[in-house]
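Colleague: Following the hints, put chain B in place on chain A, whose structure we already have.
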Amino acid sequence: MKKNLLRQWQKRGTVLSLHSVLFVALFIMCLPFLWMLSTSFKTSSEVLKFPPTWIPHDFTFENYVELFKAIDFIHPFYNSVIIALVSVILSVIVCSLAAYAFAKFNFKGRDKLFMVLLGTMMVPGVVMQIPTFLLMKALGLINSYTGIILPGIASVGMIFFFRQFLSTISNDYIEAARIDGAGEIRIFWSIILPMMRPALVAQGIFAFTASWNSFMWPLIIATDDRFYTLPLALTQLDGQHASNYGLSMSGAIVVIIPLVILFMFTQKYFLNSMNIGGVKE
Amino acid sequence: MKTNLRSLLFFLSPALILLSVFLLIPIGAAVYMSFNKIGVEALIDPQTISFVGITNYTQIIFHDELFRKALLNTVIVLVIAMPLTVALSLSLAVLINSKLTKFSSLFRVGFYLPAISNTIAVALVWKWLLNGDYGLINYLLSLVGINGPQWLTNEHTAIFTIIMLVVWKGIGPNTILYMAALSSVPDSVKEAAEIDGASAWQRFIKITVPMLAPTTTYISIMLLIGYLQLFEEPFMLTGGGPVNSTTSIVMLIYNEAFKYFNFGYASAISMVLFFIIFAVSLIRIKLTKLGS
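Protein chains in written order, with this note's numbering: chain A, 1 to 281; chain B, 1 to 292.
All the given hints hold, so there is nothing to weed out.
On the chain A side, residues computed to face chain B include the following (Cβ under 7 Å):
| hint | residue |
| --- | --- |
| 1 | Val15 |
| 2 | Leu18 |
| 3 | Leu22 |
| 4 | Leu48 |
| 5 | Phe105 |
| 6 | Thr120 |
| 7 | Met122 |
| 8 | Val126 |
| 9 | Asn213 |
| 10 | Met216 |
| 11 | Asp238 |
| 12 | Ile256 |
| 13 | Phe263 |
A few chain B residues that face chain A, going by a derived Cβ cut-off under 10 Å, partial list only:
| hint | residue |
| --- | --- |
| 14 | Phe11 |
| 15 | Leu16 |
| 16 | Ile38 |
| 17 | Ser91 |
| 18 | Val122 |
| 19 | Trp168 |
| 20 | Ile171 |
| 21 | Glu232 |
| 22 | Met236 |
| 23 | Val250 |
| 24 | Ile253 |
| 25 | Tyr254 |
If you are wondering where the hints come from, they were derived from the structure by calculation, not from laboratory data.
Glycine is no exception: its CB is placed at the ideal position from the N, C-alpha and C atoms.
One chain only, chain A, in its complex shape (with noise of 0.2 Å):
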């Protein structure tokens, strides 16, 4: 009986330190998170305030309003949908069909031109930065739409996804078809693309979430304000208003938000997209 409630007490003492650690972990990792919501909803006289306030004394929307009125963070945000949604649907469409292509005709050369396609993922995104940025300044599309997104629509990473997933449908629903007499253009569009509706929903996300982060591209691109996306015109915000924390954690939340809240309602896609290939040695 004593060794039992021993037992009892030594397993009591290990969930108790087993989630401690947890709980510190979480806390560390979710600090800036709060910080950052706390901060946007001060006062700016509350937020340099010491000792800090976690719960603002006097709960305020100001930043948000001056973030939207006084400062145009509107246009970015449309930019960055704008160019995210385009981006996302152009993408899915070329990289499905070319998937389709690799995984399902036979032509000379496929598997070469294949594994030359899968090589070029080792290559930094810079090495192609530099020469793609002549070829939009000589083809006049530095801030423009079409030259941020262009660039970024064909992806090797989403072609061999696709791919993979459809290596997984059986041949035989595209026989059959064949046999009845319906066009490639046709099975494409009635057979596979509603098979591979689960690859679709999770490269678009992925894709959605890869475009609404980008960065460095559209900073090269985009010299014109009016072309700037979300993270630019943060950047933006921290060099004019550096001292207004207030303003820019408000700024930061409105870029941050959408993306946590995408990931909320699909959290099992985020989850697939991330596996391409990964841990199924």
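Modeller: Okay, now just chain B, sitting in the frame of chain A:
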């Protein structure tokens, strides 16, 4: 299946055209550019481009102090942040996966938040948290009697703020990858070892860690490719300073190309970076093969 050319072109050409114009041709162009001197005047008059052989490369490797500094900074971040991210992700995954743990989905979501959050936005908060005079961190330290340094403007501490930020962002996804891998380690093996009298720590080191080796290799390679391309964190947090103590290789390339318009020289640095990434990845893969 034999396919006719017309449908093949329909499916393949949009992607192939885009990949050629924005991926394959630019890679070729970057190689070509790296052997030339291409300045801002080349934007107007391509005649000003001049072939310089391997001069750009010899300049980078033997004479460019700033490149050496940027390489050193990037390597410091890599060798500290990579093991730290791997160790923390694995530890947290083991803790969350424990049968005794409650609220595991809360932890999973909480740890993942930094990863989906925009780097510029979170760097903005960290910049304030780490501010030597008005920052929360030095305030908290002062409560326990520690006089915190000027984290971001001190030459010796600035690089650690970058490391902290990338580790903080990197933990979430890798914790989840490790959790998935951990759940595929069969319980029967661990139970057998337990019966044989192996302690929890021994079981972890002798059974779990080796069984996770493929995941660890995958995570390490992904991390090293990412960390060697460090850019946004120092750009926003420290601007590369103080005295270039946080300038990364990609930041150097960005400055050379888009601030000073030395397109040829910047391309050459980007090729050097590619070779570094390639070599380090190969070494990491070889290490795994030696281990098994």
